[in-house]
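Participant: Start from the sequences, fold in the hints, and give me the full structure.
Those sequence lines, one after another, are chains A and B.
Residue numbers for the first sequence follow the working numbering, so the first one is 1 and each next one is one higher.
Residue numbers for the second sequence follow the working numbering, so the first one is 1001 and each next one is one higher.
It is possible that some hints are incorrect.
[To be verified] Stretch-level coverage of chain B by chain A, calculated; a stretch enters the list once three of its residues show a Cβ under 8 Å from a Cβ in chain A:
id, segment
1, 1143-1149
2, 1250-1261
3, 1266-1273
4, 1296-1308
5, 1317-1323
[Claimed, not checked] A few chain A residues facing chain B, derived, Cβ under 7 Å:
id, residue
6, Phe128
7, Gln131
8, Phe133
9, Val134
10, Ala138
11, Leu142
12, Arg144
13, Phe148
14, Ser304
15, Trp306
16, Lys309
17, Ile312
18, Gly313
19, Arg324
Please keep in mind that the hints were generated in silico from the structure rather than gathered at the bench.
Glycine residues also receive a C-beta, built at the ideal position from the N, C-alpha and C atoms.
Residue strings, one per chain:
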Amino acid sequence: MSVATATVSGRVTPKLSLDRRYLPVIGTVVVFLLMLLVGGVRYENFLSPAVISNLFINNAHLIVLATGMTFVILTGGIDLSVGAVLALSSVITATLLQAGIPLIIVLPVALLAGSVIGLGMGVMIQYFEVQPFVATLAGMFLARGLCFIFAPQSVPIRDQGFVSLTNWGLTVGRWRLTAAVVIALLVVVGALWVLHRTRFGRTVYAVGGGEQSATLMGLRVARTKVLVYVISGTCASLAGILFAMFSRSGYALTGVGMELDAIAAVVIGGTLLVGGMGFVAGSLVGVMVLGLIQTIITFEGTLSSWWTKIVIGVLLLVFVILQRILSLRRT
Amino acid sequence: MTRIYKHRLFWPLVALAALLLACSIKRPDILGITVLDGHLFGAPIDILRNSAPLLLVALGMTLVIATRGIDLSVGATVAIAGAVALTFIASSDQPGSLGTALGAIFVAVGLCFLLGCFNGLLVAKFGIQPIIATLILMTAGRGMAMLITNGQITTVTSAPFSSLASGFLMGLPVAAIIAYGVYLVVSILVRRTALGMLLESVGINPEASRLAGVKSKTLVFTVYALCGLLAGLAGLIFASNTMAADANNAGLFIELDAILAVVIGGTSLAGGKFNLSGTLIGVLIITTLSLTVTVLGVSPLVTSLFKAIVVIAVTLMMSTRLRTMLAGLRERRRFQEVSA
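Facilitator: Structure (C-alpha cells):
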C-alpha cells in the first residue's frame, strides 16, 4: 500500500498512497462506519454488543453465500442458483434427519448436493458454452423444483445432535457467537487464503481480468471456471445448513430472491461485475451493510419494512455510480 | 430433412409440439375450440390469453438483449403498473367510468415508460452494466409498489378496466389482441425498417457501430424505455386479471420467464442477432408448460423442475459443441458401416 518515493537527496521516504483497487472497499467500510455512527447517535442501545452480535447471527448464511458468489463474479460470471440451492440443502437436511439418518451422513450429503449442481452448471457454462446467466437460471429452477419433490411442506428438525449444534454458542460478556457465525467466519478466512495465497486464487483473478490472456499464459482456465461454480454451489448448500440451524426447519420456499441479496452484497462490497477486481472482505462488509439497513429500519420502528428494499436500491445506485466514476478516472 | 433439422427454431418447436402432444394424450379433446356466446373458448385460446403479459415483457426483453443488455426490473415494473393503475381508480370519484380507466392506464404506462427511461439513462448515459443498473430498480421497485399501495392489496371494481384481461373483441380475448397486436407492430417496425439491423449492430459491437455513425446511445436508451413501457402494459393486464394490486407477487419472476423465453427462442444473451419469432415460440412453450403440468396432474409447485429440464435440453441442443459432438458420432458410425 505504501509506495517508496525517492527524493532529490537520494533518501527514500515512505509515502502513503492508496492502491486504487482498495478504494471501493474503503468506500464500503466508510459507509458501514457512518451507518453505525448515525445509528449510535439516533438510537439508544444501538451500539451494543447484542445488536452487533445479532448482525452476524442473522446474516451468517448470507455471508457464506456472498463469499461463494464473490468467486464466481471475480471470474466475470454470475450465479443465480444460490438461493434455491440454499433451500434445497436445508430441505435435504431436514428430510433426512426426520427419516432418522445420522447427522454425520446427512451433512455431507446436503453439502454435496450443492457441489453437484454447481459442477453441472460449470460444465454447461465451460464446455457447452451456455451463458452463465442462463445455466445458473436453469440450476435455480432445478433446485427449486427438487425442493418441492423432497418436501412440499415445512419440515421441522428435532434431531438431538443438530439441535445441540444449533444451541452451541460462545458468550463473552454480552457478545455472542453461534456455531453458524463461527462457520461463516471460517469460510471467509478460508476464501481469503484461497484467493490471495494459492495458485487457484490467482487464476480466478486472471480469468476475470481477461480470459484469453489467461489461456495464453497457460493457466488452467477451464478447470478454474468450472471450480468457481462448484465453490459457489458448495457455499450455497453450506449456507442452507446454516439457515436450517437458524430456523430449525427446512422449507422449500426459503431463500427466494436471496441470490439478489448476495449479488447486492458483493457489488456493494466493491467487486466489479465484469470480473477481475474485488475482495471477499468487501463482500463481508457488504453483507454487514445490508444487515445494518435492516437493523436501522427495525430500530426506527415507524418505517415499514418495504423501505429496506428502497434503501438497498438507492445504496446500490450510489455505489454503482461511484464505482463507475472511479473506473472512468482510472482509464 | 437435414435442413429442417438444422433450422434454429427446430428444437424449440419440437419442445412445444411435445408439450401439446403430452396434453392431448392425457385429454384428447383439449386442443378443440368451441364458440360460446360469440366468443371463442378452449385451451388454445387460454394459452393465447395467458401468454399476453409474458409476450409483452419478452418482446421488450428481446430488443434489450439484442443490444447486449438485460432488464431485470420488468417484474417490479409490472407490480408498479398494477399498483398505480388500481390506486388511481380506487381514489377517483367514479371508479366505474371509462374515463377513469383510461386515465389509470395512461398514468401507469407513462410512469413505467419513465422507469424504463431511468434504466436507459443508467445504461446508455452512465455506462453501467445492464444487469446491475436494472438490479437497482428490481430491488427498489417492489418497495415503491408497496409504498403506492400502502402495503395493502388494493382491490377495485371497474368494468372498463377489467375488460382489459377478461373482455372479448371479435371473439378473441382483448389481452391477446393487445399483446399480439403490439408484437406485430414491433416486428414490422424492426424487421421492415433498418431499426432491427441497427440494434443488432449495436449488440455485436457498440464501439464500431458508433464509429459507423449509428447512434448507439440513443438506440440503447430507447429499447430500455420501450421495455419499461411494455412491462407497464403487461402489468395492467395482470392487474386487470385479478383486479387487485399485489405489490409482492404481481409479475414475480416474470423477468426470468421472459429471459427464458428469449433464450429458448434462440437469441443469445451475448447480444447481436435476435429472433422475434423465436421469442414468440419461447413464450408459447412457457405458457403451455404450465397447462401441461396442470393437465398431467403434477403439482404446480414442481413446474420449475420442468422449466429447468426444458431450458437445459433446448440450450444444450442449440450449443455448437454438442452439435459437433453429435455430428462426430454420426460420422464415425457411418465410417464404421462403410468399413464393415
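Participant: Would you say the segment 1296-1308 of chain B counts as covered by chain A, given the rule of at least 3 residues with C-beta under 8 Å?
Facilitator: holds (count 9)
Participant: Classify the hint on Lys309(A) as holds or violated, based on whether any CB of chain B lies nearer than 7 Å to its CB.
Facilitator: 3 Å, holds
Participant: Quick one: see if chain A covers the segment 1143-1149 of chain B, three-plus residues with Cβ-Cβ under 8 Å.
Facilitator: holds (count 4)
Participant: Would the stated hint for Gly313(A) survive a check requiring a Cβ distance to chain B of less than 7 Å?
Facilitator: 3 Å, holds
Participant: Holds or violated: is there a CB of chain B closer than 7 Å to the CB of Trp306(A)?
Facilitator: 4 Å, holds
Participant: Does Ile312(A) hold up as a contact with chain B if the rule is Cβ-Cβ below 7 Å?
Facilitator: 5 Å, holds
Participant: Taking a Cβ-Cβ distance under 8 Å as contact, does the segment 1250-1261 of chain B have three or more residues in contact with chain A?
Facilitator: Since three or more residues must qualify, the claim that chain A covers the segment 1250-1261 of chain B holds, with 3 doing so at under 8 Å.
Participant: Could you check if Phe133(A) really has its C-beta closer than 7 Å to a C-beta on chain B?
Facilitator: 6 Å, holds
Participant: Given Leu142(A) as an interface hint, is the shortest Cβ-Cβ distance to chain B below 7 Å?
Facilitator: This interface hint holds because 4 Å falls under the 7 Å limit.
Participant: Counting residues of the segment 1317-1323 of chain B with a beta carbon closer than 8 Å to any beta carbon of chain A, are there 3 or more?
Facilitator: holds (count 4)
Participant: Hold the hint about Arg324(A) up to the distance rule: shortest CB distance to chain B must be less than 7 Å.
Facilitator: 6 Å, holds
Participant: Restraint: Arg144(A) near chain B, CB-CB cut 7 Å. Satisfied or not?
Facilitator: Since the shortest Cβ distance to chain B is 5 Å, the answer is holds.
Comparing the model with each numbered hint stated earlier shows that all of them hold.
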